[in-house]
Amino acid sequence: MEIKVLWSDTALGQLHEIYDYLNFNASQKIAKNIVKGIVQKTLLHESNPLIGSIEPLLISRPFEYRFIVDRNYKVIYRFNDHIVRIVSVFDCRQNPGKIEDIEQ
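The sequence shown begins at 1 in my numbering and counts up by one.
In short, the hints are calculated from the structure, not lab data.
Just so you know, not all the hints are guaranteed correct.
In the BS3-like style, the derived pairs of lysine-lysine whose C-alpha atoms are separated by at most 30 Å in a straight line are [what the hints assert, rightly or not]:
1) 98 to 4
2) 74 to 32
3) 98 to 32
4) 36 to 4
5) 29 to 41
6) 98 to 36
7) 98 to 74
8) 4 to 74
9) 41 to 74
10) 4 to 41
11) 29 to 98
12) 74 to 36
13) 4 to 29
14) 74 to 29
15) 98 to 41
16) 4 to 32
For each label pair, taking beta carbons as the anchor points, the in silico distance ranges come out as [to be verified]:
17) 33 to 94: 28 to 38 Å
18) 83 to 17: 20 to 30 Å
19) 69 to 101: 16 to 26 Å
20) 23 to 59: 10 to 20 Å
21) 10 to 40: 12 to 22 Å
22) 48 to 26: 23 to 33 Å
All of these numbers come straight from a predicted model, not from anything done at the bench.
Glycine included, each C-beta is placed from N, C-alpha and C at the ideal position.
Kindly produce the complete structure, drawing on both the sequences and the hints.
Rendered as structure tokens:
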């Protein structure tokens, strides 16, 4: 069974925002390393889509949302029909209640 990892427009936008913020406030090297680390971690889903923990703040949603953490970033995804859909890249230093605002 081939599993694909797809990124939502929202998650891609968040990834770009992370890069831009780090590029401006730290350095281009740090920005590249952090974004690269986040993307590489999501590739683990191709071999094990259920590797992440269930996201408790989204337990009432119709889909089962899971997450993995890379440094200060929580990558929230759902798995259905051989597709891992990355729906959000959340900075764990933010208010956790914002997680409930992600797309369904």
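Here is how each hint holds up against the structure:
1. 98 to 4: The given pair, whose Cα atoms are some 27 Å apart, holds under the 30 Å limit.
2. 74 to 32: Holds - the C-alpha atoms of residue 32 and residue 74 are around 17 Å apart, at most 30 Å.
3. 98 to 32: 25 Å, holds
4. 36 to 4: Answer holds: residue 36 to residue 4 is near 18 Å, not above 30 Å.
5. 29 to 41: OK: residue 29 and residue 41 at ~18 Å, within 30 Å.
6. 98 to 36: 24 Å, holds
7. 98 to 74: Between residue 98 and residue 74 the Cα gap is close to 12 Å, so the pair holds against 30 Å.
8. 4 to 74: Measuring from Cα to Cα gives roughly 20 Å; hence the hint holds.
9. 41 to 74: With Cα atoms ~11 Å apart, residue 41 and residue 74 stay inside 30 Å; holds.
10. 4 to 41: 14 Å, holds
11. 29 to 98: At roughly 29 Å apart (the allowed maximum being 30 Å), residue 98 and residue 29 satisfy the hint.
12. 74 to 36: OK: residue 74 and residue 36 at ~14 Å, within 30 Å.
13. 4 to 29: Holds - the C-alpha atoms of residue 29 and residue 4 are around 28 Å apart, at most 30 Å.
14. 74 to 29: 21 Å, holds
15. 98 to 41: 22 Å, holds
16. 4 to 32: Holds - the C-alpha atoms of residue 32 and residue 4 are around 23 Å apart, at most 30 Å.
17. 33 to 94: 28 to 38 Å: 21 Å, violated
18. 83 to 17: 20 to 30 Å: 24 Å, holds
19. 69 to 101: 16 to 26 Å: 19 Å, holds
20. 23 to 59: 10 to 20 Å: 35 Å Cβ-Cβ, so the 10 to 20 Å window is violated.
21. 10 to 40: 12 to 22 Å: Check passed, 20 Å falls within 12 to 22 Å.
22. 48 to 26: 23 to 33 Å: 31 Å, holds
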